[in-house]
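Top line first, the protein sequences correspond to chains P and W.
Read in order, the letters of the first sequence are residues 2 to 239 in our numbering.
Read in order, the letters of the second sequence are residues 2 to 239 in our numbering.
Accuracy of the hints is not assured; some may be wrong.
As the list claims (entries may be wrong) - Pairs of lysine to any residue, SDA-like flavour, derived with a Cα cap of 20 Å: (1) W:K75 to P:M187; (2) P:K75 to W:E100; (3) P:K75 to W:D38; (4) P:K75 to W:K144; (5) W:K144 to W:D38.
Said to hold, decoys possible - Negatives, chain P to chain W, calculated, CB over 12 Å: (6) V101; (7) K144; (8) G194.
The hints are simulated quantities; they were obtained by calculation from the structure and are not laboratory data.
Glycine included, each C-beta is placed from N, C-alpha and C at the ideal position.
There are 2 protein chains.
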Amino acid sequence: MVKWFSHKPGRIELPRLRSRSDILATEKVALAEFAPDILDFLGRAAYVQLMIFENLSRVIANAPTTAAKTAIGKAAELSLGKHRALVAEITQAGGSPAEVMDPFTEAFDEFERIARGSDWYEAMITAYLSAGFFDDFYVRLAKGLPTESHTRLATILSGESGESVLAEYLQAAIDANPRLDSRLAMWGRRLMGDMMLVARSALVFPDHTRSTEAQVEPVFTELIAAHTRRMDALGLTA
Amino acid sequence: MVKWFSHKPGRIELPRLRSRSDILATEKVALAEFAPDILDFLGRAAYVQLMIFENLSRVIANAPTTAAKTAIGKAAELSLGKHRALVAEITQAGGSPAEVMDPFTEAFDEFERIARGSDWYEAMITAYLSAGFFDDFYVRLAKGLPTESHTRLATILSGESGESVLAEYLQAAIDANPRLDSRLAMWGRRLMGDMMLVARSALVFPDHTRSTEAQVEPVFTELIAAHTRRMDALGLTA
Numbered sequence: 002m003v004k005w006f007s008h009k010p011g012r013i014e015l016p017r018l019r020s021r022s023d024i025l026a027t028e029k030v031a032l033a034e035f036a037p038d039i040l041d042f043l044g045r046a047a048y049v050q051l052m053i054f055e056n057l058s059r060v061i062a063n064a065p066t067t068a069a070k071t072a073i074g075k076a077a078e079l080s081l082g083k084h085r086a087l088v089a090e091i092t093q094a095g096g097s098p099a100e101v102m103d104p105f106t107e108a109f110d111e112f113e114r115i116a117r118g119s120d121w122y123e124a125m126i127t128a129y130l131s132a133g134f135f136d137d138f139y140v141r142l143a144k145g146l147p148t149e150s151h152t153r154l155a156t157i158l159s160g161e162s163g164e165s166v167l168a169e170y171l172q173a174a175i176d177a178n179p180r181l182d183s184r185l186a187m188w189g190r191r192l193m194g195d196m197m198l199v200a201r202s203a204l205v206f207p208d209h210t211r212s213t214e215a216q217v218e219p220v221f222t223e224l225i226a227a228h229t230r231r232m233d234a235l236g237l238t239a
Numbered sequence: 002m003v004k005w006f007s008h009k010p011g012r013i014e015l016p017r018l019r020s021r022s023d024i025l026a027t028e029k030v031a032l033a034e035f036a037p038d039i040l041d042f043l044g045r046a047a048y049v050q051l052m053i054f055e056n057l058s059r060v061i062a063n064a065p066t067t068a069a070k071t072a073i074g075k076a077a078e079l080s081l082g083k084h085r086a087l088v089a090e091i092t093q094a095g096g097s098p099a100e101v102m103d104p105f106t107e108a109f110d111e112f113e114r115i116a117r118g119s120d121w122y123e124a125m126i127t128a129y130l131s132a133g134f135f136d137d138f139y140v141r142l143a144k145g146l147p148t149e150s151h152t153r154l155a156t157i158l159s160g161e162s163g164e165s166v167l168a169e170y171l172q173a174a175i176d177a178n179p180r181l182d183s184r185l186a187m188w189g190r191r192l193m194g195d196m197m198l199v200a201r202s203a204l205v206f207p208d209h210t211r212s213t214e215a216q217v218e219p220v221f222t223e224l225i226a227a228h229t230r231r232m233d234a235l236g237l238t239a
């Protein structure tokens with residue numbers, strides 16, 4: 002298991018009293034505990050769908066076949082649908098969509114730029130891995146929002162993302178190009194690091210002690226497991 | 002009025018017997034008379050929506066504001082929805098979608114490349130003018146298909162295209178940039194010529210006499226009028 006957030010090496014562990022933070026760290030920690038407020042949540046979740054869409058639209062423009070364009074078009078349509086539904090939630094929560102999304106665009110655009118990769122295959126696996134990862138992340142984080150919002154948002158976010166059709170095209174590409182798998186495996190690992198950093202920036206810590214920082218890694222355990230399953234599905238080592 | 006298809010100048014009109022073609026030429030000629038077979042029609046109509054989508058997705062990626070991305074996203078979603086519905090019609094008509102679209106991709110991709118323009122505004126007005134033009138064109142052409150297909154296809158093609166939201170952003174840009182209008186007017190006229198050539202390639206002529214060629218221009222009269230209305234709506238001279 003890769004350690005996504007490095008700890009200082011050689012830190013000396015002194016015996017001390019158990020604080021509330023230590024207790025939390027030894028329990029199963031949920032992402033929901035670090036949920037931001039509703040508008041901050043919606044601004045990020047809505048913009049991330051646009052980012053996924055922009056990556057998919059580039060994948061469509063560069064697709065090698067018409068069949069691939071049509072198939073991947075479905076995934077692009079789904080991400081635009083989620084984006085629009087989340088924008089409607091911003092309005093319903095009393096926010097102005099563009100104002101609510103704007104604080105996050107720079108970081109996501111930067112991620113999108115990096116995540117394009119150097120060719121069609123890398124862009125494809127980004128589309129496949131990132132749609133799943135961010136949907137998972139925001140669904141879990143949404144549990145920390147007021148109940149009436151949470152249920153609606155979970156329905157929007159956990160809707161279909163076109164993952165299976167992307168997997169199908171990736172699998173065909175890997176089968177046809179013997180050396181593609183190691184390159185895509187490497188790309189997937191690198192991308193995971195970048196996605197974790199983007200995701201982490203959404204979390205709100207109750208206080209800024211080192212022990213709350215240390216709680217961050219466990220909350221990603223299930224997301225990492227899901228990422229590993231997506232890689233495994235293509236026969237790639239996560 | 003610009004003559005889109007030039008006639009040889011100085012042609013001498015000799016008195017002759019009225020042929021069937023001459024009669025048609027003096028009547029109101031409908032595009033429906035030149036409809037190709039159903040699969041050829043669907044292949045073109047489905048791919049043109051992908052082309053419109055690719056242009057829109059580039060417009061979204063380069064949009065100056067988050068609000069514009071969201072608003073134009075709706076238009077992109079609509080074009081993908083039409084594409085998917087038309088692909089389903091290909092399957093229903095017994096065709097293989099990619100095979101049916103493939104003969105037309107090169108010409109449409111070439112149009113898309115030209116129609117991108119040199120900046121965001123030209124790409125925007127292409128999106129605005131071409132979605133309307135091609136929907137109009139295929140709706141009219143569909144009248145020449147068997148009745149049971151025609152009704153369904155007209156419903157798909159005449160569905161919303163996001164034209165009003167594109168017009169809104171274009172109007173704001175024109176209002177803010179005094180010299181933009183003449184550049185966009187010029188671009189709109191050039192684009193119309195390119196769209197007419199793409200549209201014309203779909204038509205099937207019953208025979209290759211000069212008189213059927215001469216019929217082509219009148220069938221575009223209503224499309225040209227609609228294009229002029231779209232230009233007028235932005236205060237641009239068509």
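Outcome of the hint check:
At roughly 35 Å between alpha-carbon atoms, K75 of chain W and M187 of chain P are farther apart than 20 Å, so this suggested pair is violated. Between the alpha carbons of K75 of chain P and E100 of chain W the distance comes to roughly 18 Å, so the proposed pair stays at or under 20 Å and holds. In summary, the hint linking K75 of chain P to D38 of chain W is not supported, as the alpha carbons are separated by about 27 Å, beyond the 20 Å threshold. The straight-line distance between the Cα atoms of K75 of chain P and K144 of chain W is roughly 28 Å, outside the 20 Å bound, and the hint therefore fails.
A hinted pair counts as satisfied when its Cα atoms are at most 20 Å apart, and K144 of chain W with D38 of chain W qualifies at roughly 12 Å. With a least CB separation of 9 Å from chain W, V101 of chain P falls inside the 12 Å interface cut-off, contrary to its annotation. Chain W leaves K144 of chain P outside its interface by the beta-carbon criterion, the shortest separation being 26 Å against a cut-off of 12 Å. The Cβ of G194 of chain P sits about 24 Å from the closest Cβ of chain W, beyond the 12 Å cut-off, so the non-interface label holds.
The structure fails hints 1, 3, 4, 6 (numbered hints given earlier, in ascending order).
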